[in-house]
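Trainee: Produce the complete structure using the sequences and hints provided.
Quick note, the sequences are listed as chains A and B, same order.
So for the first sequence, the numbering used here puts the first residue at 1; every next one is plus one.
So for the second sequence, the numbering used here puts the first residue at 432; every next one is plus one.
Treat the hints with caution; some may be incorrect.
As the list claims (entries may be wrong) - Covered by chain B, according to a simulated footprint, are these stretches of chain A (three or more residues, beta-carbon under 8 Å): (1) 28–37; (2) 128–141; (3) 144–151; (4) 295–303; (5) 323–331.
Bear in mind the hints are in silico, worked out from the structure with no lab data behind them.
The beta-carbon is built from N, C-alpha and C at its ideal position, and this holds for glycine as well.
Protein chains: 2
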Amino acid sequence: MTTGEPLRVALAGLGTVGGGVIKLLDANAELIARRAGRRIEVAAVSARDRTKDRGVDLSRFAWVDDTASLAQADGVDVVVELIGGADGPALTLARATLGAGKGLVTANKAMLAHHGLELAGAAEAKAAPLKFEAAVAGGVPVVKGLREGAAANAIGRVYGVLNGTCNFILSTMEATGRGFADVLAEAQALGFAEADPSFDIDGVDAAHKLSILAALAFGTQPAFADVEAEGIRAVLAADIAEAAALGYRVRLLGLAEAGPGGLFQRVHPHLVPADHPLAHVTGSLNAVVAEGNFVGRLFFQGAGAGEGPTASAVVADLIDIARGEYGAPFAMPVAALTQERKAASGDRRGRAYLRFAVEDRVGVLAEIAAAMRDAGVSIESLIQRGASADGSVLVAIVTHEVAERSVAAALEKLRGSQSLTGRPLWMPLLG
Amino acid sequence: MTTGEPLRVALAGLGTVGGGVIKLLDANAELIARRAGRRIEVAAVSARDRTKDRGVDLSRFAWVDDTASLAQADGVDVVVELIGGADGPALTLARATLGAGKGLVTANKAMLAHHGLELAGAAEAKAAPLKFEAAVAGGVPVVKGLREGAAANAIGRVYGVLNGTCNFILSTMEATGRGFADVLAEAQALGFAEADPSFDIDGVDAAHKLSILAALAFGTQPAFADVEAEGIRAVLAADIAEAAALGYRVRLLGLAEAGPGGLFQRVHPHLVPADHPLAHVTGSLNAVVAEGNFVGRLFFQGAGAGEGPTASAVVADLIDIARGEYGAPFAMPVAALTQERKAASGDRRGRAYLRFAVEDRVGVLAEIAAAMRDAGVSIESLIQRGASADGSVLVAIVTHEVAERSVAAALEKLRGSQSLTGRPLWMPLLG
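Mentor: Quick look at the structure:
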């Protein structure tokens with residue numbers, strides 16, 4: 001059944017995902033050959049440490065010490081870059097591979113966020129494939145879903161749960177009532193969070209992914225520098241409990257929207273209505289919603305990381321290439337991608353959640369209410385809970401629909417107030 | 432930005448979806464040209480009634496009275512078949528189009544279920560595109576999700592909510608406690624159900640779609656004749672209430688599974704755990720789960736029918752064709768598709784829900800319990816509710832894991848019993 005020459009692949013980087021790609025190509029070799037119409041074979045591998053045990057037999061592959069030279073290796077059709085990092089060896093290899101007219105498959109969201117436009121141009125110049133399904137939402141085929149599945153639509157918004165570590169932490173806090181630091185430590189012990197977790201929990205990883213999704217959805221140049229990112233460090237168990245009482249779940253969302261004011265891209269914790277599909281995304285799952293002008297709301301969900309799911313996405317890209325079914329990496333030629341100005345967040349309207357930790361004394365509530373009134377923020381509900389261990393009291397507010405600049409103005413009025421015992425938190429309600 | 436010749440399309444059938452395709456190609460013309468690299472233009476149209484008002488201006492298109500002749504029309508690259516029906520004019524046109532080496536895009540699940548293998552062979556013989564994203568789950572790109580997104584995986588099971596009419600009825604019964612006939616009448620008044628609803632509510636439409644999904648997932652020839660189908664007519668509001676009390680929702684699922692015993696394909700109402708993503712699929716939404724050996728559980732959800740969503744899927748296919756990104760319709764060459772024997776349902780193991788309407792008198796429960804015992808069916812829970820208006824009593828049972836043949840044997844033992852006032856209902860629990 002297998003016609004034609006095998007597709008010959010070089011693997012750069014043999015961490016968890018690289019090992020998974022080898023295992024997958026071994027386990028499903030016959031099926032993949034039937035589906036792709038030809039075999040997909042690993043021709044060469046390269047990684048920092050040749051001696052490390054990766055649970056797979058590497059002796060059958062050519063070992064290349066100089067990773068960058070994979071781009072010139074004889075008989076290699078496609079390089080799979082799994083080194084990671086926005087610059088350095090990954091970028092060097094990507095440039096060399098595409099410059100040599102060979103295909104590139106990568107899971108490297110940081111590199112694409114920073115250099116995606118350049119790399120897409122390099123691929124286009126040589127008519128070489130550049131594919132990156134694994135860079136966003138792991139195994140979930142959402143790059144394909146936007147590039148192809150929803151391609152007939154003008155997309156209004158694209159948003160989702162893009163970081164499994166944060167979602168694991170938030171949904172564990174939700175299920176157990178435990179605090180952030182406690183659950184983060186557990187996530188680190190389980191291997192769901194890095195020793196230095198800031199890339200995940202401060203929203204940088206999700207911001208990388210969001211910039212890729214936005215480019216695909218809106219036909220814009222990837223604009224990572226314009227993504228605002230706020231992570232989940234400030235979310236308290238009490239915020240999650242208040243949200244639940246109001247009928248919401250707290251999720252870290254990446255959200256991008258195209259409008260007359262420009263392109264808006266933000267990673268921020270949100271309150272998501274309990275009947276919204278994203279409210280049911282728990283643990284380390286990822287999920288993306290795309291809203292199209294004809295299709296309505298499309299929803300994609302699955303494993304956002306890990307050896308098997310990420311390998312699945314990498315090999316799906318290889319199958320597309322083996323079939324000859326590939327084209328412009330960002331869904332249209334580089335020259336067709338527009339450059340949009342960054343939309344001001346202050347113009348955005350919606351409901352908001354605000355939470356204050358305050359002194360337990362007379363007049364505090366009046367001070368907060370006055371700040372809201374003076375900024376033109378109308379309060380829909382307000383809950384004050386009794387004093388916590390440190391003596392402070394939590395005041396949680398949900399506003400009526402209001403411009404974000406008014407919320408910011410209200411918070412500014414309260415800055416430095418002696419009544420507040422900590423920094424206030426605000427979260428948009430997903431509308 | 433638009434390079435190359437336009438892709439010229441002939442539309443056969445100008446019902447809701449045909450009108451939607453024209454509206455979409457008008458509304459999003461510039462965006463589609465950027466994404467596809469060329470314009471997509473309607474060159475000719477054909478339908479039964481030329482005078483009917485479809486809300487779109489047809490005067491700019493060539494009108495062809497003899498639909499079959501679209502296949503020979505000059506300057507047409509692709510025919511979009513939206514006539515419907517497994518045979519007749521739709522099949523004649525499909526054969527003529529592919530025979531002429533032109534592309535075919537169709538939303539016709541019945542035709543594909545019955546003649547998909549032949550049509551794929553005809554497409555392959557002429558290297559012509561044959562695409563049918565709109566045939567399954569409307570606007571949800573699940574054909575692409577299986578053919579490409581999950582292509583690296585051996586799929587264990589594929590299942591989902593494939594009929595929006597049934598899901599609207601079941602989820603409305605769930606939300607309101609109303610009965611089947613009442614909600615069906617409302618669905619008909621709202622246009623969500625046909626005057627003759629049997630195609631939907633008896634599971635035939637879902638069975639067509641399931642046979643297409645199974646072929647894509649397992650690399651098998653479409654085998655509609657092997658799909659068992661049971662619809663939702665027998666589901667009572669009381670069944671939905673009992674299921675809810677047990678932590679389940681009732682959903683009509685199409686489910687296909689490949690195993691050593693062969694290929695199992697069935698449409699049947701199921702009890703779905705409340706924390707499963709399919710439990711949150713309400714109204715006329717469709718959703719599909721694919722379980723892959725590396726990616727795990729992928730979930731796709733969106734609008735399963737209607738003008739806009741279906742047109743979105745049809746035009747996504749046209750964009751793939753305009754880009755030149757298409758290949759084997761069923762994911763692999765026709766000769767590579769295997770023919771599997773039908774797996775016997777009796778071998779399947781799982782938990783089951785059984786509901787009996789019985790006389791309100793002594794000994795009835797003992798009779799049911801004895802039948803279960805004699806068939807080797809172990810009861811996990813049993814609920815008996817007081818008499819209803821007609822004097823009968825409902826007994827709802829959930830079994831421990833058991834082979835389906837044992838459940839069938841228990842029901843057989845009770846057949847003709849004077850204690851039963853109606854036909855028992857059984858539903859598998861989704862495991």
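Trainee: Evaluate each hint against the coordinates.
Mentor: Evaluated hints:
no.: 1; hint: 28–37; verdict: holds (count 7)
no.: 2; hint: 128–141; verdict: holds (count 4)
no.: 3; hint: 144–151; verdict: holds (count 6)
no.: 4; hint: 295–303; verdict: holds (count 9)
no.: 5; hint: 323–331; verdict: holds (count 7)
Of the hints listed earlier, there is not a single one the structure fails to meet.
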